[in-house]
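Colleague: Taken in order, these protein sequences are the chains called A and B.
Reading the first sequence from the start, the letters are residues 1 to 98 in UniProt numbering.
Reading the second sequence from the start, the letters are residues 1 to 515 in UniProt numbering.
Calculated directly from the structure, the hints in this document are not laboratory data.
Mixed in with the good hints there might be a few duds.
With a straight-line Cα cutoff of 30 angstroms, these simulated BS3-like cross-link-like pairs (lysine-lysine) come out [stated by the list, open to error]:
#	chain 1	residue 1	chain 2	residue 2
1	A	Lys41	B	Lys271
2	B	Lys365	A	Lys41
3	B	Lys271	B	Lys6
4	B	Lys365	B	Lys423
5	B	Lys271	B	Lys95
6	B	Lys365	B	Lys271
7	B	Lys423	A	Lys41
8	B	Lys95	A	Lys88
Quick caveat: nothing in here was measured; it's all calculated off a predicted structure.
One letter stands for each residue in the lines below.
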Amino acid sequence: MSEITAEQVAHLAHLARIDLSPEEIDHLTADLVQIVDSVAKVSEVATPDIPATSHPMPLTNVFREDVVRPSLTVEQALSGAPARDGDKFRVPAILDEE
Amino acid sequence: MSDLIKLPAATLGAMLSDGSVSAVEVTRAHLDHIDAVDADIHAFLHVARQSALDTAAAVDARRGAGEELGPLAGVPIAIKDVLATRDMPTTSGSKILEGWIPPYDATVVARLRAADLVPLGKTNMDEFAMGSSTEHSAYGPTRNPWDLERIPGGSGGGSAAAVSAFEAPLALGSDTGGSIRQPAAVTGSVGVKPTYGGVSRYGAIALASSLDQVGPVSRTVLDSALLHDVIGGYDPLDSTSLTSAWPSMAAAAQAGLADGALAGMRVGVVKELNGAGFQAGVTQRFEETLALLSAAGAEIVEVSAPNFEYAVAAYYLILPAEASSNLARFDSVRFGIRVNPEDGPLTSERVMAATREAGFGPEVKRRIILGTYALSAGYYDAYYGSAQKVRTLIQRDFDAAFESVDVLVSPSAPTTAFRFGEKLADPMAMYLNDITTIPANLAGVPGMGLPMGLAPEDGLPTGLQVMAPAGEDARLYTFGAALEQLLEASWGGPLLSQAPVLTPTEMFASEEGAV
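Kindly generate the complete structure, drawing on both the sequences and the hints.
Modeller: This is the structure:
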């Protein structure tokens, strides 16, 4: 079931927004082949009649009253930011100019 | 008073309450011991010397003024670095959060402060709690107090090592697949993963949200119970928090100390968690523990949980899938480091990718890529979808087992502590360390780890895992305290009194924040 290639790992790394060196991609490809082979056994017992469970407890959406409550100040919210511009997070260009 | 560091939190609390010792004395004794041994152990990523002494002095002053304080007021505690603390750096063991001081406290930390415990510092862990050895910490591993060449378990190796090296009587941990119970096993300490939703995760840096639970770490069952009472209960800031009313865990532990507490208790032995691949000394101590339980009037019943065999496989699909989504928040915008790419245009996307390359360690990258794969179109049904079905089957196995028994037991870990590097190159070998602990997380049931003796072949601690139905955490404390009492009587004292005495190192590294 698992034909994982280095090209595929490079694509996954792009989707996950992590730059990887060619060496890292090689290592991860080998790791993924081994791990996916081991975990693929879930399909042995996951027959169509078994319902999926996403969560250990049966929970439904939790709502609260729509009223203002204490929250972070602007200074607190910005306190860990790598860069700021006044009261805003400062970020690099969102769009590539190319 | 170096003897102070050997006392359980319950005893310290009583002595603080009757005035036979001050919180400053207790805190100073622990800080001095951290100075003496933590250069070797490296349980702490940050030691908050001055603020701990200030907090202790404030507790003493209020007590001196006649104020009635809680049972753990003035007792020091170590906090796993996965938990947000507004006055201490919080890194989750990762370079990507190096130096981050959160603008708020995790709910469990706020509750510690409200109960007047004294935070000593932050404990080491595998990066983002991904690991079973602390070797994946970006800040270097923690060492096992029983043998400095061996791992202390993980991800919460720092918290387990801190209590077993007598650097703190209590610690907080988090358990996604065994990160409290497996370190307890290999360090000879106690730890509890509460029922899913029993303890707030607000301010706990998320790994896998359908599995994560925060819980107590200590040297005795009663101490974990006292801490559980402080941190547990409904929190409106965590939407998965259960609204149920909880009984006193401390009272449940006390009930376990009464004569006959184990009589008639039905103890299920999970056939699938007691067999091939377990170290001989682990199996031997487990069989002896069962005999001890039986002699105390418990009924030992073998039960089968046939789908537990698939738990590790399901876990290593569900966890990476959820982690790859949770860790998307580390985008170099709101917190943590920012690293620019070496060349090319500076766009948000490219800066994010360069930051994550520099800030995440190899295990984190491995699991994010694995999770991204498991969630990809074309693979989702085969992997993530199937894993969720296995989760149903494991829950059904638990339901069936708990129809005929009160608690389930197994060894907490298949082996004693292994040596550094032994499993680092083989991810699947590392993942299989959690074979006994993962089922409880998949089903949300509570689990306790406690010492069950030293393996004869290597003299290292082994641990027993006890599991109860969801919501029945109190049963774990009654059972655990009763069994602990029997085991300690057979050993002639606590297991940790047999641990090697740590000699002070020459390097005093614990200036504020410099560890």
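Colleague: Each hint should be assessed against the structure and marked as holding or not.
Modeller: Evaluation of the provided hints:
1. Taking the CA atoms of Lys41/A and Lys271/B, the gap is near 20 angstroms; set against the 30 angstroms cutoff, the hint holds.
2. Between Lys365/B and Lys41/A the CA atoms are separated by roughly 23 angstroms; this keeps the pair inside 30 angstroms, and the hint holds.
3. Of the supplied pair hints, the one linking Lys271/B and Lys6/B is violated, its CA atoms being roughly 37 angstroms apart against a limit of 30 angstroms.
4. Annotation: proposed proximity of Lys365/B to Lys423/B holds, straight-line Cα distance about 18 angstroms (limit 30 angstroms).
5. Distance check on the hinted pair: Lys271/B and Lys95/B sit about 41 angstroms apart at the alpha-carbon level, beyond 30 angstroms; violated.
6. Taking the CA atoms of Lys365/B and Lys271/B, the gap is near 35 angstroms; set against the 30 angstroms cutoff, the hint is violated.
7. Between the alpha carbons of Lys423/B and Lys41/A the distance comes to roughly 22 angstroms, so the proposed pair stays at or under 30 angstroms and holds.
8. Proximity of Lys95/B to Lys88/A is assessed by CA-CA distance (about 24 angstroms); at most 30 angstroms being required, the pair is judged to hold.
In the structure shown, a violation is registered for the earlier hints numbered 3, 5, 6, in ascending order.
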